[in-house]
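Same order as they appear, the protein sequences are chains H and E. With the first letter of the first sequence counted as 1, position 103 gets the number 103 in UniProt numbering; the numbers rise by one all the way through. With the first letter of the second sequence counted as 1, position 60 gets the number 60 in UniProt numbering; the numbers rise by one all the way through.
If you are wondering where the hints come from, they were derived from the structure by calculation, not from laboratory data. Please note that the accuracy of each hint is not assured.
[Claimed, not checked] Subject to a maximum C-alpha distance of 27 angstroms in a straight line, what follows is the list of computed BS3-like cross-link-like pairs (lysine-lysine):
hint	chain 1	residue 1	chain 2	residue 2
1	H	Lys-305	H	Lys-265
2	H	Lys-218	E	Lys-84
3	H	Lys-255	H	Lys-319
4	H	Lys-293	H	Lys-255
5	H	Lys-181	H	Lys-106
6	H	Lys-86	H	Lys-293
7	H	Lys-269	H	Lys-293
8	E	Lys-84	H	Lys-181
9	H	Lys-194	E	Lys-84
10	H	Lys-305	H	Lys-80
11	E	Lys-84	H	Lys-196
12	H	Lys-162	H	Lys-181
[To be verified] For each label pair, taking beta carbons as the anchor points, the in silico distance ranges come out as:
hint	chain 1	residue 1	chain 2	residue 2	range
13	E	Leu-191	H	Asp-281	56 to 64 angstroms
14	E	Ala-205	H	Asn-145	24 to 32 angstroms
15	H	Ala-253	E	Leu-31	29 to 37 angstroms
Where a beta carbon is used, it is the ideal one built from N, C-alpha and C, also for glycine.
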Amino acid sequence: MSRQRPDHVPTEHQPSPAGPVVRTGLSLRPGTPSRRVFLTGTVGAAAALTLAACGGGDDASDDVADVDSSSFEEGSTMAKLADAGKITVGTKFDQPLFGQAGPDGKPTGFDVEIAKMIAAALGIKADKIEWTETVSANREPFIQNGQVDIVVATYTINDERKKVVDFAGPYYTAGQALMVKKGDDAITGPDDLKDKNVCSVEGSTPAQNIEDNYPDAKLVTFDTYSKCVTALDNGQADTVTTDNVILAGFVAADKDKLQMVDDGKTFTKEPYGIGLKKGDDDFREFINDTLQKAYDDGSWAEAWKSTAGQVLPTPDPPKIDRY
Amino acid sequence: MGSLLASRAAVWDAFTTTLFLAVTAGVLALLVGTLLAAMRVSPYAPLRTVATVYTEFLRNTPLTIVFFFFVFVTPSMGFTFAYKVAAVIALTCYTSAFVAEAVRSGINSVAVGQAEAARSLGMSFGQNLAIVVLPQAFRTAIPPLISVLIALVKNTSVAGAFSVLELFALSKRLTNAHSSDVIAILVGIALCYLVICIPLGRLAAALERKAAFAR
């Protein structure tokens, strides 16, 4: 097979023991030369496309001060990451304003900005961050197995999760709110939910809260919030409930049809933290310090304004919980 | 595994929901699918066309889209189903296309002489099919049919994304509530599916032995 070059698409001139590249559907010889030529060509083309797609889009503004890795204690997670010069961050890819992947596959949002701050404090440039999509169910296993170094993914701090991972932060406090059709004033707060079809995502904390604390409400669950919005639009759901920041993203996208109940008043507290491996207290303290610095020098507020702040007012940063 | 045992009542409810979806949609799909297969070999061309279009359309559409249609699109046309009913309809429509193809392959495997002999005895198309061809066709169709049914059991998990609290949706709810126990919960839920699917496979083996014996 030496005559093949990896990214060479076969032409009719190329000699091939199996004759011209005609795929007959039922060849039971997996390694026939003609097929291998065909595959190599495809893979080469695909790789070229992927490379092209990854090429552009690096913000030139990401200036990161050099950080001497020896300034960290030897053997600490910080030293390891700074030495490696890269960090793997788990974030949501489908959460508008916080972590949403664009067509180029790179996520943007407030969570992403927070992760970049932490990376920068380790001397890691934004383009050396490896983004891994985490969904609600795989955040803990990813941290426990070391598949990601940190998780910044609208990750609510709670005691159940603290059993298996540790949290730095919180860096933002969200809360459960309600969203209705524009002009609908039948629901003014969580106490009006009796016999109403309340839509949320299965396996989310807001859905569990409705199930546990508002038993008179009729909970309807789908796998994505966009389906809830469709149900709301169809009249199959009377209201959609989840964290205010998520709802704000939908309202911002469709102001003529949707509105928040009571101006987005929240009725729970969801402190978003940064998940990391349990027991790594030095790293947790380091991230907390980094966050505090960002609070103090205004870069936290700046990150907020450039992302979620486009539709939500800028809050005061929450107090960091150094447990 | 502790959190799974603690919520065993919920697991049992979800298990029976999955079983209900699989059995109801399975029986309906077998009926509809056989009818479709009969239509496809019928001497009347419009029936053949209808069955072919139906089969090709549903067999080649993602199940999620079929669900989407019965959960979100039909209500805007004035037909609103309860979520469980919508799930059964969607699963039946989707699975019946595969059943139809499995049965048709069985019909094609019956020697032409059988049908010819039946016709020469003066049997109608319906009698021919019901008495002579289909009983032989089902024998050959058993393995593919069981595969279709096993796929159906697993496909019920799509209903979890459309407001039916079956095993898969429950696994999401439980993993959120007990995030320290994610892997044990998922393994437990997988076991629940095995409890349904493995006996189905055994049943297939038994039926196959019986059919082979009768031949």
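**Request:** Check each numbered hint from earlier against the structure, then list the numbers of those it violates in ascending order.
**Result:** Of the numbered hints given earlier, those the structure breaks are 3, 4, 5, 10, 12, 13, 14 and 15, listed in rising order.
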